[in-house]
Amino acid sequence: MSEITSSAPAAKSPAQSRRQKVLIGQVAVFVLWMATWQILSYFEVIDPFISASPSSVVVRLVDWLINGTALGSFWYQVLVTLWEAAVGFVLGVVGGVFFGILLGQIDYLADVFNPYIKFFNAVPRIVLGSIFVMWLGLGLPAKALLAAVLVFFVVFFNAFQGARSVDPNLVNNIRILGGSRLDVVRNVVLPSALTWIIASLHVALGLAIVGAIVGEILGAQHGLGLLIKFSQNNFDSPGVYGCMFVIGAIVLSVEAIMARVEKRLLAWQKPKSSNAAQDA
0 MSEITSSAPA
10 AKSPAQSRRQ
20 KVLIGQVAVF
30 VLWMATWQIL
40 SYFEVIDPFI
50 SASPSSVVVR
60 LVDWLINGTA
70 LGSFWYQVLV
80 TLWEAAVGFV
90 LGVVGGVFFG
100 ILLGQIDYLA
110 DVFNPYIKFF
120 NAVPRIVLGS
130 IFVMWLGLGL
140 PAKALLAAVL
150 VFFVVFFNAF
160 QGARSVDPNL
170 VNNIRILGGS
180 RLDVVRNVVL
190 PSALTWIIAS
200 LHVALGLAIV
210 GAIVGEILGA
220 QHGLGLLIKF
230 SQNNFDSPGV
240 YGCMFVIGAI
250 VLSVEAIMAR
260 VEKRLLAWQK
270 PKSSNAAQDA
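Going by numbering that gives the first Met the number 0, the letters in the sequence shown line up with residues 0 to 279, in that order.
In case anyone wonders, no lab produced these hints; they're calculated from the structure.
Source: prediction; values computed, not measured.
Here a beta-carbon is modelled for each residue, glycine too, at the ideal position from N, C-alpha and C.
Incorrect hints may have been included.
Here are the simulated distance ranges between beta carbons [said to hold, decoys possible]: (1) V250 / F97: 17 to 27 Å; (2) S12 / A258: 10 to 20 Å; (3) E43 / Q160: 42 to 52 Å; (4) D106 / L251: 33 to 43 Å; (5) P167 / I45: 19 to 29 Å; (6) A258 / N120: 47 to 57 Å; (7) Y107 / A27: 50 to 60 Å.
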(Lines of atoms letter the chains of each structure in order from A; the text may use other names.)
(Lines give C-alpha, C1' and ligand atoms only; values in the text may rest on other atoms or scores of the structure.)
Protein backbone atom coordinates (compact mmCIF):
# COMPACT_ATOMS: atom_id res chain seq x y z
CA MET A 0 0.00 0.00 0.00
CA SER A 1 2.83 2.34 0.86
CA GLU A 2 4.51 1.59 -2.49
CA ILE A 3 1.35 2.55 -4.36
CA THR A 4 1.07 5.78 -2.40
CA SER A 5 4.69 6.75 -2.99
CA SER A 6 4.49 6.07 -6.72
CA ALA A 7 1.42 8.28 -7.18
CA PRO A 8 2.19 11.59 -8.92
CA ALA A 9 2.48 14.59 -6.64
CA ALA A 10 -0.50 16.91 -6.67
CA LYS A 11 0.00 20.26 -8.37
CA SER A 12 0.29 23.29 -6.15
CA PRO A 13 -2.29 26.08 -6.58
CA ALA A 14 0.42 28.28 -8.13
CA GLN A 15 1.38 25.64 -10.69
CA SER A 16 -2.24 24.97 -11.54
CA ARG A 17 -2.90 28.66 -12.02
CA ARG A 18 0.17 29.11 -14.26
CA GLN A 19 -1.01 26.22 -16.40
CA LYS A 20 -4.48 27.70 -16.74
CA VAL A 21 -3.03 31.10 -17.63
CA LEU A 22 -0.80 29.53 -20.30
CA ILE A 23 -3.76 27.66 -21.78
CA GLY A 24 -5.78 30.89 -21.83
CA GLN A 25 -2.96 32.80 -23.50
CA VAL A 26 -2.54 30.15 -26.21
CA ALA A 27 -6.31 30.06 -26.77
CA VAL A 28 -6.48 33.84 -27.19
CA PHE A 29 -3.59 33.78 -29.67
CA VAL A 30 -5.13 30.97 -31.72
CA LEU A 31 -8.52 32.72 -31.75
CA TRP A 32 -6.87 35.98 -32.78
CA MET A 33 -4.93 34.39 -35.65
CA ALA A 34 -7.91 32.32 -36.84
CA THR A 35 -10.24 35.34 -36.83
CA TRP A 36 -7.69 37.46 -38.67
CA GLN A 37 -7.13 34.72 -41.28
CA ILE A 38 -10.86 34.17 -41.86
CA LEU A 39 -11.66 37.88 -42.15
CA SER A 40 -8.77 38.31 -44.58
CA TYR A 41 -9.72 35.23 -46.63
CA PHE A 42 -13.32 36.43 -47.14
CA GLU A 43 -12.02 40.01 -47.66
CA VAL A 44 -14.02 41.39 -44.78
CA ILE A 45 -10.80 43.29 -44.14
CA ASP A 46 -8.60 44.32 -47.06
CA PRO A 47 -5.81 41.69 -47.31
CA PHE A 48 -3.67 44.18 -49.24
CA ILE A 49 -3.66 46.57 -46.29
CA SER A 50 -4.06 44.22 -43.34
CA ALA A 51 -2.29 41.17 -44.82
CA SER A 52 -3.08 37.80 -43.20
CA PRO A 53 -1.28 35.46 -40.80
CA SER A 54 -0.40 33.07 -43.64
CA SER A 55 1.09 35.85 -45.80
CA VAL A 56 3.09 37.12 -42.81
CA VAL A 57 4.52 33.65 -42.20
CA VAL A 58 5.41 33.32 -45.90
CA ARG A 59 7.20 36.68 -45.84
CA LEU A 60 9.16 35.83 -42.68
CA VAL A 61 10.22 32.44 -44.05
CA ASP A 62 11.34 34.10 -47.28
CA TRP A 63 13.39 36.65 -45.33
CA LEU A 64 14.96 33.94 -43.18
CA ILE A 65 15.94 31.85 -46.21
CA ASN A 66 16.71 34.43 -48.87
CA GLY A 67 17.33 37.57 -46.82
CA THR A 68 15.76 41.00 -47.26
CA ALA A 69 16.38 43.81 -49.72
CA LEU A 70 18.62 45.34 -47.03
CA GLY A 71 20.66 42.20 -46.45
CA SER A 72 20.44 39.34 -43.96
CA PHE A 73 17.29 39.42 -41.84
CA TRP A 74 19.19 38.23 -38.78
CA TYR A 75 21.65 41.08 -39.23
CA GLN A 76 18.78 43.60 -39.13
CA VAL A 77 17.55 42.01 -35.91
CA LEU A 78 21.02 42.05 -34.33
CA VAL A 79 21.59 45.70 -35.25
CA THR A 80 18.34 46.71 -33.55
CA LEU A 81 19.08 44.56 -30.49
CA TRP A 82 22.57 46.03 -30.15
CA GLU A 83 21.28 49.60 -30.38
CA ALA A 84 18.54 48.84 -27.85
CA ALA A 85 21.00 47.10 -25.48
CA VAL A 86 23.44 50.02 -25.51
CA GLY A 87 20.60 52.50 -24.98
CA PHE A 88 19.11 50.37 -22.21
CA VAL A 89 22.38 50.18 -20.27
CA LEU A 90 23.09 53.90 -20.65
CA GLY A 91 19.54 54.86 -19.69
CA VAL A 92 19.43 52.57 -16.65
CA VAL A 93 22.82 53.65 -15.32
CA GLY A 94 22.01 57.33 -15.83
CA GLY A 95 18.49 57.00 -14.45
CA VAL A 96 19.58 55.17 -11.30
CA PHE A 97 22.52 57.50 -10.65
CA PHE A 98 20.64 60.76 -11.06
CA GLY A 99 17.47 59.40 -9.48
CA ILE A 100 19.31 58.41 -6.30
CA LEU A 101 21.41 61.59 -6.33
CA LEU A 102 18.49 64.00 -6.67
CA GLY A 103 16.35 61.87 -4.39
CA GLN A 104 18.89 62.31 -1.61
CA ILE A 105 19.91 65.94 -2.17
CA ASP A 106 16.94 68.30 -2.07
CA TYR A 107 18.91 71.28 -3.34
CA LEU A 108 19.88 69.51 -6.57
CA ALA A 109 16.33 68.23 -7.00
CA ASP A 110 14.98 71.78 -6.81
CA VAL A 111 17.62 73.13 -9.21
CA PHE A 112 17.14 70.50 -11.91
CA ASN A 113 13.39 70.08 -11.51
CA PRO A 114 12.33 72.47 -14.35
CA TYR A 115 14.98 71.09 -16.72
CA ILE A 116 13.90 67.50 -16.14
CA LYS A 117 10.26 68.45 -16.77
CA PHE A 118 11.25 70.35 -19.91
CA PHE A 119 13.24 67.55 -21.53
CA ASN A 120 10.67 64.96 -20.49
CA ALA A 121 7.99 66.97 -22.28
CA VAL A 122 9.91 67.19 -25.58
CA PRO A 123 8.44 64.70 -28.11
CA ARG A 124 10.84 61.79 -28.54
CA ILE A 125 10.52 61.84 -32.33
CA VAL A 126 11.85 65.41 -32.30
CA LEU A 127 14.82 64.31 -30.19
CA GLY A 128 15.38 61.42 -32.58
CA SER A 129 15.56 63.78 -35.54
CA ILE A 130 18.01 65.99 -33.68
CA PHE A 131 20.20 63.03 -32.73
CA VAL A 132 20.28 61.84 -36.36
CA MET A 133 21.38 65.32 -37.47
CA TRP A 134 24.04 65.44 -34.76
CA LEU A 135 25.37 61.89 -34.89
CA GLY A 136 24.48 60.61 -38.35
CA LEU A 137 22.87 57.33 -39.39
CA GLY A 138 25.00 55.01 -37.26
CA LEU A 139 24.48 53.37 -33.88
CA PRO A 140 25.08 56.40 -31.58
CA ALA A 141 21.92 58.28 -32.65
CA LYS A 142 19.63 55.27 -32.12
CA ALA A 143 21.30 54.22 -28.88
CA LEU A 144 21.03 57.76 -27.51
CA LEU A 145 17.31 57.96 -28.35
CA ALA A 146 16.74 54.59 -26.66
CA ALA A 147 18.73 55.81 -23.65
CA VAL A 148 16.57 58.93 -23.32
CA LEU A 149 13.37 56.89 -23.32
CA VAL A 150 14.78 54.52 -20.72
CA PHE A 151 16.34 57.26 -18.60
CA PHE A 152 13.15 59.05 -17.60
CA VAL A 153 11.27 55.89 -16.66
CA VAL A 154 14.12 54.63 -14.49
CA PHE A 155 14.93 58.09 -13.13
CA PHE A 156 11.45 58.81 -11.77
CA ASN A 157 11.20 55.39 -10.14
CA ALA A 158 14.69 55.62 -8.63
CA PHE A 159 13.92 59.14 -7.42
CA GLN A 160 10.68 58.04 -5.78
CA GLY A 161 12.37 54.99 -4.29
CA ALA A 162 15.11 57.15 -2.79
CA ARG A 163 12.51 59.49 -1.33
CA SER A 164 10.56 56.58 0.20
CA VAL A 165 13.39 55.37 2.42
CA ASP A 166 12.49 54.87 6.09
CA PRO A 167 14.11 57.84 7.91
CA ASN A 168 14.61 55.73 11.03
CA LEU A 169 16.99 53.45 9.13
CA VAL A 170 18.93 56.47 7.87
CA ASN A 171 19.18 57.92 11.38
CA ASN A 172 20.41 54.59 12.77
CA ILE A 173 23.21 54.42 10.21
CA ARG A 174 24.27 57.98 10.97
CA ILE A 175 24.18 57.39 14.73
CA LEU A 176 26.55 54.48 14.21
CA GLY A 177 28.93 56.81 12.37
CA GLY A 178 28.00 55.89 8.82
CA SER A 179 28.75 58.33 6.03
CA ARG A 180 26.33 59.46 3.30
CA LEU A 181 27.86 56.82 1.04
CA ASP A 182 27.14 54.17 3.67
CA VAL A 183 23.54 55.35 3.85
CA VAL A 184 23.16 55.15 0.07
CA ARG A 185 24.83 51.75 -0.22
CA ASN A 186 23.18 50.04 2.77
CA VAL A 187 19.77 51.71 2.96
CA VAL A 188 18.80 53.79 -0.06
CA LEU A 189 19.77 51.37 -2.84
CA PRO A 190 18.18 48.28 -1.24
CA SER A 191 15.01 50.26 -0.49
CA ALA A 192 14.82 51.71 -4.00
CA LEU A 193 15.66 48.41 -5.69
CA THR A 194 12.02 47.33 -5.92
CA TRP A 195 11.11 50.60 -7.63
CA ILE A 196 14.05 50.35 -10.01
CA ILE A 197 13.39 46.72 -10.95
CA ALA A 198 9.73 47.53 -11.63
CA SER A 199 10.76 50.28 -14.04
CA LEU A 200 13.05 47.94 -15.99
CA HIS A 201 10.11 46.00 -17.42
CA VAL A 202 8.83 49.17 -19.10
CA ALA A 203 12.35 50.33 -19.93
CA LEU A 204 13.10 47.15 -21.90
CA GLY A 205 10.25 47.79 -24.31
CA LEU A 206 11.07 51.48 -24.56
CA ALA A 207 14.70 50.73 -25.43
CA ILE A 208 13.59 48.67 -28.42
CA VAL A 209 11.00 51.28 -29.38
CA GLY A 210 13.65 54.00 -29.23
CA ALA A 211 16.03 52.03 -31.45
CA ILE A 212 13.31 51.31 -34.00
CA VAL A 213 12.02 54.89 -34.09
CA GLY A 214 15.57 56.11 -34.59
CA GLU A 215 16.02 53.65 -37.47
CA ILE A 216 12.81 54.83 -39.11
CA LEU A 217 14.04 58.42 -38.90
CA GLY A 218 17.36 57.53 -40.48
CA ALA A 219 19.50 54.40 -40.57
CA GLN A 220 21.52 52.06 -42.75
CA HIS A 221 20.31 48.81 -41.16
CA GLY A 222 17.82 47.55 -38.58
CA LEU A 223 14.22 46.45 -38.17
CA GLY A 224 13.00 50.03 -38.17
CA LEU A 225 14.53 50.64 -41.59
CA LEU A 226 13.06 47.33 -42.79
CA ILE A 227 9.61 48.47 -41.60
CA LYS A 228 10.04 51.77 -43.43
CA PHE A 229 11.24 49.99 -46.57
CA SER A 230 8.28 47.57 -46.46
CA GLN A 231 5.84 50.44 -45.91
CA ASN A 232 7.23 52.40 -48.87
CA ASN A 233 6.80 49.32 -51.05
CA PHE A 234 3.27 48.57 -49.76
CA ASP A 235 4.51 45.28 -48.34
CA SER A 236 2.01 44.87 -45.51
CA PRO A 237 3.12 41.28 -44.67
CA GLY A 238 6.63 42.65 -44.18
CA VAL A 239 5.40 45.37 -41.82
CA TYR A 240 3.35 42.95 -39.75
CA GLY A 241 6.17 40.40 -39.83
CA CYS A 242 8.56 42.92 -38.30
CA MET A 243 5.92 43.77 -35.71
CA PHE A 244 5.58 40.14 -34.62
CA VAL A 245 9.36 39.69 -34.49
CA ILE A 246 9.67 42.77 -32.29
CA GLY A 247 6.90 41.46 -30.04
CA ALA A 248 8.61 38.07 -29.75
CA ILE A 249 11.89 39.77 -28.84
CA VAL A 250 10.24 41.87 -26.13
CA LEU A 251 8.46 38.85 -24.63
CA SER A 252 11.69 36.85 -24.61
CA VAL A 253 13.65 39.62 -22.92
CA GLU A 254 10.78 40.12 -20.46
CA ALA A 255 11.02 36.45 -19.48
CA ILE A 256 14.73 36.87 -18.81
CA MET A 257 14.07 40.03 -16.80
CA ALA A 258 11.46 38.21 -14.70
CA ARG A 259 14.07 35.60 -13.73
CA VAL A 260 16.61 38.32 -12.90
CA GLU A 261 14.02 40.16 -10.82
CA LYS A 262 13.19 36.99 -8.91
CA ARG A 263 16.84 36.55 -7.98
CA LEU A 264 17.47 40.19 -7.08
CA LEU A 265 14.35 40.42 -4.92
CA ALA A 266 14.72 36.98 -3.33
CA TRP A 267 15.31 38.67 0.03
CA GLN A 268 11.78 40.07 0.10
CA LYS A 269 9.17 38.34 2.21
CA PRO A 270 7.22 35.90 0.00
CA LYS A 271 3.49 36.15 -0.32
CA SER A 272 1.44 33.99 1.98
CA SER A 273 -0.12 30.80 0.72
CA ASN A 274 -3.58 32.27 1.25
CA ALA A 275 -2.72 35.20 -0.97
CA ALA A 276 -1.46 32.84 -3.66
CA GLN A 277 -4.67 30.85 -3.52
CA ASP A 278 -6.79 33.99 -3.71
CA ALA A 279 -4.84 35.13 -6.78
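Hints versus structure:
no.	hint	verdict
1	V250 / F97: 17 to 27 Å	25 Å, holds
2	S12 / A258: 10 to 20 Å	19 Å, holds
3	E43 / Q160: 42 to 52 Å	51 Å, holds
4	D106 / L251: 33 to 43 Å	40 Å, holds
5	P167 / I45: 19 to 29 Å	58 Å, violated
6	A258 / N120: 47 to 57 Å	27 Å, violated
7	Y107 / A27: 50 to 60 Å	55 Å, holds
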